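A.B. asks: Can you make the complete structure from the sequences, with help from the hints?
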Amino acid sequence: MSEPMATIVPHPGARAAEPLIVKLEAVGKAFRRFERQPFLLRNLVLRLVGRAPSPKEFWPLRAVSFEIRRGETVGLVGQNGSGKSTLLRLIAGACFPTEGQISVRGRIAPLLSLGAGFLPDMTGRECVEINATALGLTRDEIRARLDDIVRFAEINDFIETPVRYYSSGMMARLGFAVAVHTDPDLLLVDEVLAVGDHLFQQKCIARIHELRDGGTTIMFVSHSAETMRQLCDRVLWLRDGHLVRDGEPGPILDEYLQVLA
Amino acid sequence: MQSAAKNARPLPDAWSHRTARRAWVGSLTDEPLPEGARRQPAPSWLYVLRVLTLHDYHARYRAQALGVVWSLLNPLVMMGILSVIFTHMFKSSQPNYPIFVLIGLVVWQWFSSALHAATGSFVHNAEIVKRTVFPRQLLPLSMVLSYGINFAMESCLLFIFIPIFPSAFKLSPALVLVPVLLFWLAVLIAGVSLAASVLNVIYRDVAYLVTTGLTLLYWLTPLIYEIERIPYPYRTVWRCNPLCGILTGLRGAVMLGEWPSLLGWAGIVIPTLLVFAVGWLTFRYYERLVLDYV
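Quick note, the sequences are listed as chains H and B, same order.
The numbering used here numbers the first residue of the first sequence as 1 and each following residue consecutively.
The numbering used here numbers the first residue of the second sequence as 1001 and each following residue consecutively.
Keep in mind that the hints were calculated from the coordinates and are not lab data.
Quick caveat: nothing in here was measured; it's all calculated off a predicted structure.
Some hints here could point you the wrong way.
To be verified - Derived CB-CB ranges, DEER-like:
(1) B:LEU1274 / H:GLN202: 58 to 66 Å
(2) B:ASN1074 / H:ARG32: 39 to 47 Å
(3) H:ASP140 / B:ASN1074: 38 to 46 Å
As the list claims (entries may be wrong) - Derived contacts from chain B toward chain H, CB cut-off under 10 Å, selection only:
(4) PRO1010
(5) ARG1018
(6) ALA1059
(7) ASP1205
(8) ARG1288
(9) TYR1293
What the hints assert, rightly or not - Output of the computed footprint for chain H on chain B, the stretches with three or more beta carbons under 8 Å from beta carbons of chain H:
(10) 1033-1043
(11) 1071-1085
(12) 1132-1146
For each residue, glycine too, the CB sits at the ideal point set by N, CA and C.
C.D. replies: Structure (structure tokens):
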């Protein structure tokens, strides 16, 4: 794969007048590779006496800088392992950067995986209560919206059933339903739309449109170029952890698809 | 679309920033936030803690026929066995040995089962830890509280024994001490649990260490014997164990109507605070590693 481009022209966007909501400055994230057991006593001792190489690092994300203004709908593209999920986790606050600084504000609703934030033994209701509270809703607001959430997720009578008995479609629907019913300022969606059936996908996309028109900022990962074109007004392309393109969806998606082919 | 966005709720002025070393709330630039700046209201984590606690409590008994009866049966059986052994074979000087040992057993059950559950709390719930955003302390703390519910129910067993061993209980003003002592007990369990939960992510050995450590502590704490059986100078060492002080205090308050001495309080408060501080700092130190390694 070619070297990432050295400079990215920051995308001014159509919303230059809107306030900033996300700002990343030279953000990098390193993980250990766990090739050898890093904490095994023998290895710890070897490292102390300088006989073992320090553990290898792996950077799923490096030197990423961009700004997002309120109301933008930003799609993230890139092949598997290009750092898309790590980027969303970092913005959501689910982990800390190794380098650089991440700044966000407002109410963030992260949908980072299928059934995000559900313990398998929890009932649907408990999941809704925990997640909606973590997203900033009060108890009264949750009570008032529970019916809407259940209706949107099409869970019906299964709300008192532990989620371990849910189908993957039900989990995805419930997770999405909670996130979109909390009036987020920033919605982060990581490929969870792929699970639901066609009808539910359409419903989600309609809902995302609705949120977008209401001023919600949206960042989402999808492998469907069609969905991207439909929803986004800006696309970020990640390759090997570097941001290589940032701008209008049309040309970037064309180029991306060409590289893939 | 532009106009619709203007109707949106205004964004808070306060940004939350994160770097490798710290997380803080402030303005986008380095200037301090002005007076009256809009802040993002914090979610009510207490409610999350409540839901997690009740969930853990209910989930524990979901697929069982007898449910919470198990947790009551265990101390009763132990109390029966130990009472036979200690009153007939080892001749305890304690006139109401069954009550004496029951208090020890229910306290121990809270301590050991909460610590066990908290130790595995991150490892077993890796998905929720990785993918959601909430103060991670809540997970081990909810275990401490949910086993606290069990403890409360087991303690009610004592009421059954009031008519059977009337001389073992003393209605006195010292009973107001019970909630105070239980508070310190909860703080102690929380401190150990916080440390064990994060350390177990990095060193999975901790789970085994906890099991062995608990067995050791079981015998080093005057649970089933009286502290008077330990000769000086060892008794002084025993008294540094906060669990020992709490137990002595509880038994004194319930059975004899006694208040702990000033030295007794010192033996409870100082080591407990020390354990909690070490546990909390350990947690804060390793918290970020947990997010990557779990």
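A.B. asks: Hint by hint, note whether the structure agrees.
C.D. replies: For each hint, the structure was consulted:
1. B:LEU1274 / H:GLN202: 58 to 66 Å: holds, 59 Å
2. B:ASN1074 / H:ARG32: 39 to 47 Å: Holds, since ASN1074 of chain B and ARG32 of chain H (Cβ atoms, about 42 Å apart) stay within the stated range.
3. H:ASP140 / B:ASN1074: 38 to 46 Å: holds, 40 Å
4. PRO1010: holds, 9 Å
5. ARG1018: With a minimum Cβ separation of about 5 Å from chain H (threshold 10 Å), the hint on ARG1018 of chain B holds.
6. ALA1059: holds, 4 Å
7. ASP1205: holds, 9 Å
8. ARG1288: This hint holds: ARG1288 of chain B lies near chain H, its Cβ roughly 5 Å from the closest one there, short of 10 Å.
9. TYR1293: The hint holds - TYR1293 of chain B has a Cβ within 10 Å of chain H, the shortest such distance being about 8 Å.
10. 1033-1043: holds (count 3)
11. 1071-1085: Answer violated; 0 residues pass the 8 Å Cβ test.
12. 1132-1146: holds (count 3)
When the structure is compared with the earlier hints, a violation turns up for hint 11 alone.
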